[in-house]
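We have chain A already, so just place chain B on it with the hints.
Here are the chains, one letter per residue:
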Amino acid sequence: MTPDAGPDSVRTDPAIIVRGLRKSYGTREVLRGIDLEVARGQVLGYIGPNGAGKTTTVKILIGVLDGFEGQAIVCGHDVARQPLEVKRRIGYVPESAALYEGLTPREYLRFIGRIHGLADCEIDRRGARMLAQLGLSDELDDRIATFSKGMRQKVLLVAGMMHNPEVLFLDEPLSGLDANAVVVVKEIIARLARRGKTIFYCSHVMDVVERVCDRIAIIDDGRIIADGSFEELQAAGRGESLERIFTQLTSAGGHEQAAEAFIRAFDVEMRA
Amino acid sequence: MTRPVLYLFDRLAGLVRRLGGDYPQFRAILEAKLILDSRRQGMFADLHPSRQKKRGAFNLTLLLFACMGAPVGATLLMVEPALMSMGTIHLFIMTMMTMSLLADFSSVLLDTADNLILLPRPVSGRTLVLARLAHIATYLGLLALSLSLGSLVFGTWKWGLAFAPVFVVALALSMLLVLSLAGILYLCVLRFAGRERLRDIIVYAQVVMTAIVVLGYQRVLPRLMVLAERRFAGLEHRGWAYLLPPLWLAAPLDILAGRMAMPQIIMTVEALILPPLALLILVRHLAPRFQESLAGLEAGPGGRFVRQAGPRRQSLAGWIASVVSRDRTGQALFEFLWRLCSRDRHLKMRAYPNLLFIPIAAFGIIAAGQRDLATALEQLPHTSKHLVALYVACATVPPIVVLAGYSDEYEAAWIFLALPFRRPGRVLLETVKVVGLRFVLPIHAAICALVLLVWGRCAILDVLVATAALVLVTVSLAYLMARRLPFSQRMGTGQRAGGFGGAFLHLVVPALIGVTHYALRPRPWTLVGLMVAFLLAAAVPARAIVRTEWAGIRRASQ
Chain A
1 MTPDAGPDSV RTDPAIIVRG LRKSYGTREV LRGIDLEVAR GQVLGYIGPN GAGKTTTVKI
61 LIGVLDGFEG QAIVCGHDVA RQPLEVKRRI GYVPESAALY EGLTPREYLR FIGRIHGLAD
121 CEIDRRGARM LAQLGLSDEL DDRIATFSKG MRQKVLLVAG MMHNPEVLFL DEPLSGLDAN
181 AVVVVKEIIA RLARRGKTIF YCSHVMDVVE RVCDRIAIID DGRIIADGSF EELQAAGRGE
241 SLERIFTQLT SAGGHEQAAE AFIRAFDVEM RA
Chain B
1001 MTRPVLYLFD RLAGLVRRLG GDYPQFRAIL EAKLILDSRR QGMFADLHPS RQKKRGAFNL
1061 TLLLFACMGA PVGATLLMVE PALMSMGTIH LFIMTMMTMS LLADFSSVLL DTADNLILLP
1121 RPVSGRTLVL ARLAHIATYL GLLALSLSLG SLVFGTWKWG LAFAPVFVVA LALSMLLVLS
1181 LAGILYLCVL RFAGRERLRD IIVYAQVVMT AIVVLGYQRV LPRLMVLAER RFAGLEHRGW
1241 AYLLPPLWLA APLDILAGRM AMPQIIMTVE ALILPPLALL ILVRHLAPRF QESLAGLEAG
1301 PGGRFVRQAG PRRQSLAGWI ASVVSRDRTG QALFEFLWRL CSRDRHLKMR AYPNLLFIPI
1361 AAFGIIAAGQ RDLATALEQL PHTSKHLVAL YVACATVPPI VVLAGYSDEY EAAWIFLALP
1421 FRRPGRVLLE TVKVVGLRFV LPIHAAICAL VLLVWGRCAI LDVLVATAAL VLVTVSLAYL
1481 MARRLPFSQR MGTGQRAGGF GGAFLHLVVP ALIGVTHYAL RPRPWTLVGL MVAFLLAAAV
1541 PARAIVRTEW AGIRRASQ
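Protein sequences, first through last, are from chains A and B.
The opening position of the first sequence corresponds to residue 1 in my numbering, with each subsequent residue numbered one higher.
The opening position of the second sequence corresponds to residue 1001 in my numbering, with each subsequent residue numbered one higher.
So here's chain A without its partners, still in its complex pose (with noise of 0.2 Å):
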């Protein structure tokens, strides 16, 4: 049922393949021509300034989105064309948590597994193994609606990752995970990368991605304006950490006369 790795998966294409991609909402462009190509077992994150186009360029290769000029691959087939096909193939664990509240995490496990064609006993026990290691093993019967945000994000995890899928995108993946899960979730991405899994990696957090991605993909305005691994950013002068070089590529600078002003709006009531 699923494509688990077996000896025809040892596949050397790149796992992701986008050519030209744009994309318009009415009259304002949101992708202005993306290419991009992600091998197999890759990591790569995909970070940019709010409103730049990521989760746009994710929703289009997760084969949500259409309506889309150019090409994207994923997994060997055209998300155009055959999105069941890719969707799957591929695992998604979105930005804001969208799940049934109403729903217990196993009732909504067993829903998601279904879905993907797991027999009811095979999506107990991965449901049941994957939350106890991220901490949730006591909670299996209650109700979503009842859950902080980060439980709320190990369900989604999980609901992203149980039916084993060749390319993971994950979106904001550790917002709200206390500090032992997210030590837990990093160590599960490294390791799913050396399985052959390919990971698309969307993130604010620059100093995990700086660690967990072996290349990353900048995108500001609907373009990619800065594509290699971190070493290689640097060596391209930009600066020492990567929220360095990232603040360098997508502001203007200036950051602290921005803040400067933002504290000074105070002073501006207290005059009137």
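Hints are not guaranteed to be accurate.
Simulated coverage check for chain A against chain B, where a stretch passes if three residues somewhere in it have a Cβ under 8 Å from a Cβ of chain B [to be verified]:
1. 59 to 66
2. 104 to 113
3. 184 to 191
Example chain A residues on the side facing chain B (calculated, C-beta under 8 Å, incomplete) [said to hold, decoys possible]:
4. L99
5. G117
6. R215
Label-pair restraints from in silico Cβ distances [unchecked claim]:
7. A179/A <-> E1409/B: 29 to 35 Å
8. D214/A <-> L1012/B: 31 to 37 Å
9. Y25/A <-> I1201/B: 20 to 26 Å
10. F266/A <-> V1208/B: 54 to 60 Å
11. P1165/B <-> R195/A: 53 to 59 Å
12. G76/A <-> M1262/B: 43 to 49 Å
13. R223/A <-> D1114/B: 50 to 56 Å
Hints in this document: simulated from the structure, not taken from any laboratory.
Every residue gets a Cβ at the ideal spot worked out from N, C-alpha and C, and that includes glycine.
Same frame as chain A, but now just chain B:
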């Protein structure tokens, strides 16, 4: 309810597969939806995680529908031939199903709330459409069964036990037809005209259906009854009879009643073939691109609403707020809620269709018994029928305050919990004010203006009394049914299902007030007393609303 429903659909697994659906996925989606329906969702849902939601509203609707259906079922005993009486019953049931579908279930088919859950998963459009149709059919089937309970009893009594299975199959087919045609309409509009059009079209369809129902009861049905035996004895020999779905569905029973003939056989074949064909067209040709339509439904309009407001321009909302609320907090709340009410995608869609009932019902009742409209209008000022118009409004408008408690974006209501209020009563009161001024009063004012235009000065007192009654009913309803923070609850399918029927329930109290008003009309001073009494009485629930404690809100929200 989940288990029997799933059991039933398990029997139909082959059908789902043949239509191109993935049965395990179909079942998983349906099961999740039914479980969710059985649990309340909203701001305070986490207080009692295990408690099952009371399905009160929906059960009441079922009871009400059973009561409404019984007299219609009696047609079976009074009217011959069976083609005519059964046709009437099927017409009635199909109409009620269509109304319910349009009013309460459109949003189930077009739900975008779980787009992020379902769309990234490998579910085909066919499976998704089938699962949603099945979800709606679960409720629609219960409604149809309760509507037809009377007919089932009378029919079995008249024609014996063979009646029941034939009737139930006919019911299933009529539900299939209604569902499929609605689905075809929605998906076609979605694909070819876009989402804004779709909302308009759902509203138009509701107007047309309401008009058909009211006028049908007022004008067509009584005449049909009179003419039934004379003119419709040969109903099946008229060409247009083959175009009427209620007659197809009635035909097998006509055969059962012993009138086996070519027309009946053709109609039976139509009944057996056309509803499944409609479903086939829907699932085969329209459903495959359903997800794209859903994704499109969710996507924003892309910054088209960017409006260049002039600097410091005082808004209408701000101006009204400064008039009706005393302090800055109240004004801020009022203005904020006014904007929310104006822009909530679903509030308007749910509120306005109920209102369409007023002009149509009022017209139907006013024109009843008159030969033509001109005579009716001439006679009007000499009647007391303006009371009907006024109190029909009084019954249909106030329930909008209940709707304001619901939203699909209920989580945003945390803001009211975070604000420094000792009691939530202020928020509730401002909500009632906003709904009253934004929805209830304009409609009432329009009706009053119309009444004064036709009846002249002598109706002034009546209008004032009715206005007082409207205030009383609105505030009471707000106290009894709407003590929830605005937009803080998610409307589950069960509650949706109760919506259409629930509207009937609110008719009772205003009707009683209307009758009292009519009885006191010969003595005008008693009417003045009545008006004052209404206004004084309205102060009681209003004070109670203001004094609502946080605990009261929690209780009301469970």
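The hints, checked one at a time:
1. 59 to 66: Holds: 5 residues of the segment 59 to 66 of chain A have a Cβ under 8 Å from chain B.
2. 104 to 113: holds (count 5)
3. 184 to 191: That given contact is violated, which follows from only 0 residues of the segment 184 to 191 of chain A lying within Cβ reach (below 8 Å) of chain B.
4. L99: Where the cut-off is 8 Å and the nearest Cβ of chain B is about 7 Å from L99/A, the hint holds.
5. G117: 7 Å, holds
6. R215: 23 Å, violated
7. A179/A <-> E1409/B: 29 to 35 Å: 32 Å, holds
8. D214/A <-> L1012/B: 31 to 37 Å: 50 Å, violated
9. Y25/A <-> I1201/B: 20 to 26 Å: 24 Å, holds
10. F266/A <-> V1208/B: 54 to 60 Å: 58 Å, holds
11. P1165/B <-> R195/A: 53 to 59 Å: This hint holds: roughly 57 Å between Cβ atoms.
12. G76/A <-> M1262/B: 43 to 49 Å: This hint is violated: roughly 59 Å between Cβ atoms.
13. R223/A <-> D1114/B: 50 to 56 Å: Violated - the Cβ-Cβ distance for R223/A and D1114/B, about 33 Å, lies outside 50 to 56 Å.
In terms of the numbered hints stated before, the structure departs from hints 3, 6, 8, 12 and 13, listed from lowest to highest.
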